[in-house]
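Based on the sequences and whatever the hints tell you, model everything.
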Amino acid sequence: MNEQNDFEARLRQARRKQGLEKDAGQGGNDHPDGLPPNAFQIGMRAGVEVVSALIAGAGLGWLLDHWLGSWPWLFMVFFVVGGVAGVMNVYRLFNPRTGARK
Amino acid sequence: MAAEGKTIDALSQFELHTALGPIGAAVNFTQSNAHMLAASVIIVLIMTLGMAPRAVVPGRFQALAETFYEFVENLVAGQVGHEGKRYFPFVFALFMFVLFGNVLGLFPYAFTYTSHIAVTFGLAFLVFAVTTLVALALHGKKFFGYFFPEGAPLWLAPIIVPVEVVSYLSRPISLSVRLFANMVAGHVLLKVFATFVVLLGGLGAVGPLVAVLPLGVNVLLIGFELLVAFLQAYVFAILTSIYLHDAVHLH
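For the record, the sequence lines run as chains A and B. In this text, residue positions in the first sequence follow my numbering: the first is 1, and each later residue adds one. In this text, residue positions in the second sequence follow my numbering: the first is 103, and each later residue adds one.
By construction, these hints were calculated from the structure, which means they are not laboratory data. In this text the structure is predicted, and so the values were computed from the model without any measurement. Even glycine gets a Cβ: it sits at the ideal position worked out from N, Cα and C. Certain hints may be false.
[Stated by the list, open to error] Part of the chain B face toward chain A, derived, beta carbon under 8 Å: (1) Val268; (2) Ser272; (3) Arg280.
Structure below.
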């Protein structure tokens, strides 16, 4: 029994040293997605979020224009809306909706 | 192959060809489809053969299958919560399909089906449709309140609602572009450095000595690509879980 406890303690210590232990108090708070705190990856994610929101906004505007025949006005409006949504996506990346997580 | 004509041809590896000879050509069965089929068969074999012994102390094969299962189960339970167990099969299937697509593509002569935006967008659109349907089924009309946060002044609605809608619609795009861009970038890098090896190797007496450098870079890149292959499958699965969390809890 004693030997078993000793082994668990040593295992935990080794895991903490390797950064595998999650309960050290930093798990999930500042990185709600559980993604590793790697600056390059965060940059990539933010970039992809902005570009995809722009594509979604411009695409939606283009579709609505083709449907309503109002080219290019809605396209221009939704292009700006897409840019705003992209900024909001990046904001959400770091500040998720309140009360959303657990 | 790529060094023909002394040029760097990094993109031809993503071209589709029909597989399985004349039968495949008749029904447009490409090598991409063949790799999807191979990945699905390998996944099914790992899970069924791995679970067959049902031993209390797992052997190597069973431990492999259990590791995959527990990894995704922890991920889904951690993100979606206890109600998330229902969506575990969906996330597990997506994770395994993306993971094996990425990893199989690193083998020589293999094709990476996740390097095509059509495939990744298909998967991402599936995620988008499922999460939207789950939210509609669980919350009905209240789902549309998602696009207007509570407590915001009403006169801001004409600005907030379109922005929220576009932000919601951008989810499948960012999900698919991230996976697709990562896989394409990695394979292009590998191909470019592999072409350097061939081009430099042909430069007379000193050529082979210099060619060792890009070869070394490629050895490192393969290791890095293995990491990216796993990480992107993980990111795909965890973002699916986050979207499911939003659909189930709706804020």
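Does Val268 of chain B pass the interface check with chain A, least Cβ-Cβ distance below 8 Å? holds (4 Å)
Given Arg280 of chain B as an interface hint, is the shortest Cβ-Cβ distance to chain A below 8 Å? Since the shortest Cβ distance to chain A is 5 Å, the answer is holds.
Restraint check, 8 Å cut-off on beta carbons, for Ser272 of chain B near chain A: holds (4 Å)
Checked against the numbered hints given earlier, this structure breaks none of them.
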